[in-house]
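Protein chains: 2
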Amino acid sequence: MDINEARNYIGKEATIKGWVYNSRSSGKILFILLRDGTGFMQCVMAKNEVEDETFARAKALTQETSVIARGTIREDKRSPNGCELTLKEIEIIQLTRDYPITPKDHGVGFLMENRHLWLRSKRQWAILRIRHQIERAFRDFFDNRGFTLVDAPILTPNACEGSTTLFQTDYFGEPAFLSQSGQLYMEAAAMALGKVYCFGPTFRAEKSKTRRHLTEFWMLEPEIAYITFEENMKLQEDMITYVIRDVLKNRKDELDIIERDTSLLEKVEPPFPKIYYKEALEILKKHGKAVEWGDDFGSEEETILADTFNKPVFVHHFPIGAKAFYMKPDPEEPNTVLAADLLAPEGYGEIIGGSQRIDDYDLLLEKIRENNLSEEDYRWYLDLRKYGSVPHGGFGIGIERTVAWIAKLPHVRETISFPRLLGKIYP
Amino acid sequence: MDINEARNYIGKEATIKGWVYNSRSSGKILFILLRDGTGFMQCVMAKNEVEDETFARAKALTQETSVIARGTIREDKRSPNGCELTLKEIEIIQLTRDYPITPKDHGVGFLMENRHLWLRSKRQWAILRIRHQIERAFRDFFDNRGFTLVDAPILTPNACEGSTTLFQTDYFGEPAFLSQSGQLYMEAAAMALGKVYCFGPTFRAEKSKTRRHLTEFWMLEPEIAYITFEENMKLQEDMITYVIRDVLKNRKDELDIIERDTSLLEKVEPPFPKIYYKEALEILKKHGKAVEWGDDFGSEEETILADTFNKPVFVHHFPIGAKAFYMKPDPEEPNTVLAADLLAPEGYGEIIGGSQRIDDYDLLLEKIRENNLSEEDYRWYLDLRKYGSVPHGGFGIGIERTVAWIAKLPHVRETISFPRLLGKIYP
Numbered sequence: 350m351d352i353n354e355a356r357n358y359i360g361k362e363a364t365i366k367g368w369v370y371n372s373r374s375s376g377k378i379l380f381i382l383l384r385d386g387t388g389f390m391q392c393v394m395a396k397n398e399v400e401d402e403t404f405a406r407a408k409a410l411t412q413e414t415s416v417i418a419r420g421t422i423r424e425d426k427r428s429p430n431g432c433e434l435t436l437k438e439i440e441i442i443q444l445t446r447d448y449p450i451t452p453k454d455h456g457v458g459f460l461m462e463n464r465h466l467w468l469r470s471k472r473q474w475a476i477l478r479i480r481h482q483i484e485r486a487f488r489d490f491f492d493n494r495g496f497t498l499v500d501a502p503i504l505t506p507n508a509c510e511g512s513t514t515l516f517q518t519d520y521f522g523e524p525a526f527l528s529q530s531g532q533l534y535m536e537a538a539a540m541a542l543g544k545v546y547c548f549g550p551t552f553r554a555e556k557s558k559t560r561r562h563l564t565e566f567w568m569l570e571p572e573i574a575y576i577t578f579e580e581n582m583k584l585q586e587d588m589i590t591y592v593i594r595d596v597l598k599n600r601k602d603e604l605d606i607i608e609r610d611t612s613l614l615e616k617v618e619p620p621f622p623k624i625y626y627k628e629a630l631e632i633l634k635k636h637g638k639a640v641e642w643g644d645d646f647g648s649e650e651e652t653i654l655a656d657t658f659n660k661p662v663f664v665h666h667f668p669i670g671a672k673a674f675y676m677k678p679d680p681e682e683p684n685t686v687l688a689a690d691l692l693a694p695e696g697y698g699e700i701i702g703g704s705q706r707i708d709d710y711d712l713l714l715e716k717i718r719e720n721n722l723s724e725e726d727y728r729w730y731l732d733l734r735k736y737g738s739v740p741h742g743g744f745g746i747g748i749e750r751t752v753a754w755i756a757k758l759p760h761v762r763e764t765i766s767f768p769r770l771l772g773k774i775y776p
Numbered sequence: 350m351d352i353n354e355a356r357n358y359i360g361k362e363a364t365i366k367g368w369v370y371n372s373r374s375s376g377k378i379l380f381i382l383l384r385d386g387t388g389f390m391q392c393v394m395a396k397n398e399v400e401d402e403t404f405a406r407a408k409a410l411t412q413e414t415s416v417i418a419r420g421t422i423r424e425d426k427r428s429p430n431g432c433e434l435t436l437k438e439i440e441i442i443q444l445t446r447d448y449p450i451t452p453k454d455h456g457v458g459f460l461m462e463n464r465h466l467w468l469r470s471k472r473q474w475a476i477l478r479i480r481h482q483i484e485r486a487f488r489d490f491f492d493n494r495g496f497t498l499v500d501a502p503i504l505t506p507n508a509c510e511g512s513t514t515l516f517q518t519d520y521f522g523e524p525a526f527l528s529q530s531g532q533l534y535m536e537a538a539a540m541a542l543g544k545v546y547c548f549g550p551t552f553r554a555e556k557s558k559t560r561r562h563l564t565e566f567w568m569l570e571p572e573i574a575y576i577t578f579e580e581n582m583k584l585q586e587d588m589i590t591y592v593i594r595d596v597l598k599n600r601k602d603e604l605d606i607i608e609r610d611t612s613l614l615e616k617v618e619p620p621f622p623k624i625y626y627k628e629a630l631e632i633l634k635k636h637g638k639a640v641e642w643g644d645d646f647g648s649e650e651e652t653i654l655a656d657t658f659n660k661p662v663f664v665h666h667f668p669i670g671a672k673a674f675y676m677k678p679d680p681e682e683p684n685t686v687l688a689a690d691l692l693a694p695e696g697y698g699e700i701i702g703g704s705q706r707i708d709d710y711d712l713l714l715e716k717i718r719e720n721n722l723s724e725e726d727y728r729w730y731l732d733l734r735k736y737g738s739v740p741h742g743g744f745g746i747g748i749e750r751t752v753a754w755i756a757k758l759p760h761v762r763e764t765i766s767f768p769r770l771l772g773k774i775y776p
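Protein sequence lines correspond, in order, to chains Z and Y.
For the first sequence, the positions run 350 to 776 when the numbering used here is used.
For the second sequence, the positions run 350 to 776 when the numbering used here is used.
No wet-lab data here; the hints were simulated from the structure.
Treat the hints with care, since some could be wrong.
Note that identical chains are pooled: a pair holds if it fits in a single copy or bridges any two copies.
[Said to hold, decoys possible] Derived DSS-like pairs: lysine-lysine, alpha-carbon spacing no greater than 27 Å straight-line:
hint, residue 1, residue 2
1, K583, K660
2, K623, K361
3, K735, K471
4, K735, K453
5, K635, K672
6, K773, K672
7, K408, K735
8, K616, K598
This structure is a prediction, so every number in the text was calculated from the model and none was measured.
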């Protein structure tokens with residue numbers, strides 16, 4: 350029996366295969382909290398109901414000892430999962446000695462070195478389950494809207510967004526790079542399949558040590574033929590709202606475990622506030638931040654902007670040159686591009702970057718040359734503007750930042766099983 | 350309107366935003382096959398029902414011209430999607446000239462160089478949609494059984510299965526490798542979450558030029574605490590059966606497009622035949638293949654074995670040393686390991702490799718030393734056998750080989766949007 354199905358076993362015999370999370374004794378009664386990966390279960394053993402030897406064995410159980418427990422499921426309304434196990438027999442698979450992560454406080458450095466064990470703690474367990482639900486909700490959202498998942502390549506001959514932060518490898522004698530984005534490939538796929546998305550790991554060899562940067566992170570990148578800039582933002586609003594509602598509904602217990610106050614999340618619904626970049630500059634000025642026209646925002650600026658609205662906010666119409674080369678200038682305001690970032694509230698900042706893409710061959714070629722990119726590398730990308738070019742756009746959403754926001758975590762390192770950071774690749 | 354929803358628009362006005370797939374004229378009537386990424390739609394324009402200028406414009410349309418077409422959806426039972434568009438107006442977004450991939454035959458080299466355009470052909474479109482459905486079915490299968498998706502890292506300090514075929518990169522001054530498997534990390538995750546799977550790209554710098562090898566391929570790797578060897582094979586049978594039924598049901602049109610004879614797929618159901626490695630040697634001997642005890646099978650041997658049964662077949666109990674270091678010896682037959690490969694019929698061979706993992710600390714340490722692996726690199730992996738070790742197992746299934754089998758493709762290069770092969774990284 351999996352613990353998360355225990356409610357269906359009330360009054361019945363059950364076997365739990367798992368690990369001792371903690372235990373305490375009040376002389377004649379033992380309370381053992383078991384975990385099996387699907388949940389946590391309070392198990393109770395009374396001295397006068399079992400053999401002395403059984404009670405002694407159970408009493409000697411240590412943290413993280415692997416056990417098979419047998420008993421009867423009993424309703425208990427005080428318990429988080431509505432029931433308890435009256436423990437009759439417990440078999441030790443391996444008695445654990447000196448488990449390094451005890452209930453006392455440990456430093457983050459120590460926990461990160463022991464990430465393979467830290468994952469077993471209730472909080473990390475809850476976060477990983479929330480992450481899975483978020484990823485699942487994202488996929489469901491796009492699958493239900495007729496998008497085709499297209500896996501983008503990781504090994505690429507060229508850089509999507511600048512080449513200073515690339516991991517390089519030798520590809521049978523040629524240099525190759527780890528992808529920073531699947532977008533360009535998704536543009537090709539959107540011309541074949543209309544509405545597509547990729548969802549995979551991306552890489553940035555950034556020397557940043559901040560609470561928002563990983564060197565390896567997962568990104569979801571939809572790309573849609575014939576979409577308009579406004580429809581693109583609408584899609585993002587619908588997506589974020591769908592994902593948050595899904596997680597609030599399906600991962601309530603886990604959000605409780607990590608003590609997430611969900612009141613602000615519950616208020617997230619379309620439409621989101623939308624401000625021009627130039628309006629953002631005004632707001633920042635009022636907060637004493639002098640950002641010049643043309644500069645991109647740092648995390649401090651993003652926090653100020655998002656906190657002004659207390660819900661996700663789009664900043665759009667960035668100055669030409671502040672963003673990537675492939676973004677389409679607004680014909681109405683040609684010194685700006687049809688690009689929007691979505692900033693998350695509660696201090697999380699940018700989680701989405703999106704834009705219309707240049708669909709004109711000559712303009713794209715000009716931008717490629719201006720940015721000193723290799724025309725030969727981008728020949729196939731230019732082809733998309735040569736053969737049946739259409740208006741199109743898309744966006745990229747960083748999963749770790751989204752998980753950090755929804756779970757309100759202090760650092761992205763807790764959003765993924767084995768985080769990769771500057772100088773950190775073990776375990 | 351998306352073409353795949355056209356059936357709901359019969360008798361109504363509709364707008365299709367897409368591309369011209371092909372067109373022909375019978376003097377006074379034009380037949381234009383449009384595609385919009387969600388499907389293909391026959392559009393019919395009668396000369397006497399539209400302005401002369403409109404007819405002339407429509408008649409001059411070339412392959413892959415991007416267009417917005419307006420008209421009325423009319424029921425037509427002869428049509429594959431049950432309806433046609435009576436075309437009233439067509440707006441050209443970009444007139445395409447000299448589209449390189451014409452309806453005539455092209456060599457594979459040329460098509461691969463133009464993979465970004467080749468994706469638009471009906472056959473490639475259908476394959477990518479089948480791939481998505483397969484991936485979705487895999488995820489649904491595990492999600493519905495309470496598994497937690499745990500994304501494994503790509504950048505790793507050590508090799509899972511031998512180090513001769515690794516892509517290497519510089520990780521801020523230290524060597525790092527692109528992951529060949531997420532399994533070891535999934536073992537850690539299974540101890541925290543019970544039932545887990547990862548699903549992401551994996552890499553092998555193999556100098557093989559065969560129809561079954563990519564250097565970058567997607568792998569799904571479940572890992573389950575407390576599972577037995579028999580339960581593991583049962584899980585695989587259930588999974589394969591679920592995925593095939595799902596694809597036959599939801600991608601019938603696409604399987605028709607690629608002319609897949611699905612009669613053998615329809616017969617796939619549990620239990621699958623299971624033969625010992627030593628029985629496999631006997632079968633091979635009868636076919637004139639002298640494989641020595643201890644050798645692994647090549648693709649020719651796998652084809653013979655799978656064709657013997659005409660359905661997926663497990664080969665299990667491989668000799669110790671023929672497979673990976675972490676596989677658990679069978680206590681009943683200590684010269685063999687509790688490992689099973691699943692071979693697909695119709696010439697596709699191995700699609701799954703699975704096993705029980707060594708759960709004893711001392712034995713695992715011995716194997717690590719025997720294989721000249723770094724004890725320090727595997728310290729965290731050894732920890733899993735030190736703290737609450739439990740019997741566990743899992744498997745890895747290659748997505749591209751599975752797609753190749755289900756779609757009956759001659760080569761894995763057509764199973765993924767942008768395949769990476771020996772010496773092939775563009776586009």
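Hint by hint, here is what the structure shows:
Taking CA atoms no more than 27 Å apart as the test, K583 paired with K660 passes inside one copy only; the shortest distance there is 15 Å, against 47 Å between copies. For the homomeric pair K623 and K361, neither the shortest alpha-carbon distance inside one copy (56 Å) nor that between copies (35 Å) is at most 27 Å. For the identical chains of this complex, K735 and K471 are inter-copy neighbours only, at 20 Å across copies versus 54 Å inside a copy, given an alpha-carbon limit of 27 Å. Taking identical chains as interchangeable, the C-alpha atoms of K735 and K453 lie at most 27 Å apart only when they sit on different chains, with a minimum of 21 Å there against 63 Å within one chain.
Proximity of K635 to K672 under the C-alpha cut-off of 27 Å is restricted to the intra-copy arrangement: shortest distance 24 Å within a copy versus 66 Å between copies. In this assembly of identical chains, the alpha carbons of K773 and K672 never lie at most 27 Å apart, being 29 Å within a copy and 31 Å across copies at closest. In this assembly of identical chains, K408 and K735 lie within 27 Å of each other by CA distance solely across copies; the values are 21 Å between and 75 Å within a copy. Only within a single protomer do K616 and K598 lie at most 27 Å apart by alpha-carbon distance; the minimum there is 14 Å, versus 39 Å between protomers.
Hints 2, 6 from the list above are not met by this structure, while the remaining hints are.
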